[in-house]
Amino acid sequence: EAGVTQFPSHSVIEKGQTVTLRCDPISGHDNLYWYRRVMGKEIKFLLHFVKESKQDESGMPNNRFLAERTGGTYSTLKVQPAELEDSGVYFCASSQGYSRGYGYTFGSGTRLTVV
Amino acid sequence: EDQVTQSPEALRLQEGESSSLNCSYTVSGLRGLFWYRQDPGKGPEFLFTLYSAGEEKEKERLKATLTKKESFLHITAPKPEDSATYLCAVRLLFGNEKLTFGTGTRLTIIP
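Line by line, the protein sequences are chains A and B. Quick note: the first sequence, position 80, residue 80 per our numbering, numbers continuous. Quick note: the second sequence, position 88, residue 88 per our numbering, numbers continuous.
Calculated from the structure, these hints are not laboratory results. A few of these clues could be false.
To be verified - Derived DEER-like restraints, expressed as beta-carbon distance ranges:
(1) A:Thr70 x B:Arg61: 36 to 44 angstroms
(2) B:Asp39 x A:Glu83: 28 to 36 angstroms
(3) B:Gly41 x A:Gly16: 38 to 46 angstroms
(4) B:Asp39 x A:Lys78: 26 to 34 angstroms
(5) A:Thr70 x B:Gly54: 41 to 49 angstroms
(6) A:Pro8 x B:Asp39: 15 to 23 angstroms
(7) B:Tyr51 x A:Val12: 35 to 43 angstroms
(8) A:His10 x B:Lys69: 37 to 45 angstroms
(9) A:Lys54 x B:Ser18: 27 to 35 angstroms
Where a beta carbon is used, it is the ideal one built from N, C-alpha and C, also for glycine.
Sequences are here, hints too, so could you generate the full structure?
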């Protein structure tokens, strides 16, 4: 079974530019999550999709961040325009369900550096 | 406010020297406590889920335990390949499905 795939693995952009991160969840996983870790801090939740619908976007920092999930498959997270404080590692995770026994599988992350 | 605190921040052990990592939590209701291992440049890798106080789970040299206030990850006779950052996260009883993470413990096993 293929795991959660994220790309690019690294991205360096200038302040004010736009960047789009992509996540391909495990096939058949309806739940897809985005998380972010900034330097020295804990991993923090950004948002949760169930299929193509946003279930919870309470962690999205501001309206410069836009997440989509086309047809309930892969997801993109766009940052426009990027600011210095957006630098960090963005993780995607997917899950089959909520009940006991269902865990979260994480991707390797995208390291975003805004200069 | 729901909070997860891990200690110590970093731990250096000699190979074979057993120890424990701590994860204390203050949450409105717990639906699961997760332990993950993270290697440099990789995403968190699932280790255990604990659901109720008194529960224990084991995998190779690792054993996780849970009380009403904290969880321990015991490492017995560690090897250098156990070096990693160990993350604790909780899923709440009420509300959404997100995980709330601690900052992790960076474990280094010296040969």
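So, going through the hints one by one against the coordinates:
Taking the beta carbon of each, threonine 70 (chain A) and arginine 61 (chain B) are about 43 angstroms apart, inside 36 to 44 angstroms as hinted. About 29 angstroms separates the C-beta atoms of aspartate 39 (chain B) and glutamate 83 (chain A), a value consistent with the hinted range of 28 to 36 angstroms. For the pair glycine 41 (chain B) and glycine 16 (chain A), the beta carbons lie near 28 angstroms from each other, so the given range of 38 to 46 angstroms is not met. Checking the proposed 26 to 34 angstroms range against aspartate 39 (chain B) and lysine 78 (chain A) shows it holds: the Cβ atoms sit about 28 angstroms from each other.
With their beta carbons about 44 angstroms apart, threonine 70 (chain A) and glycine 54 (chain B) fall inside the hinted range of 41 to 49 angstroms. For the pair proline 8 (chain A) and aspartate 39 (chain B), the beta carbons lie near 19 angstroms from each other, so the given range of 15 to 23 angstroms is met. For tyrosine 51 (chain B) and valine 12 (chain A), the hinted distance range of 35 to 43 angstroms is satisfied, since their beta carbons lie about 42 angstroms from each other. Between histidine 10 (chain A) and lysine 69 (chain B) the beta carbon distance is about 39 angstroms. The supplied range of 37 to 45 angstroms therefore holds.
Range check, lysine 54 (chain A) to serine 18 (chain B): about 45 angstroms between beta-carbon atoms, so the 27 to 35 angstroms window is missed.
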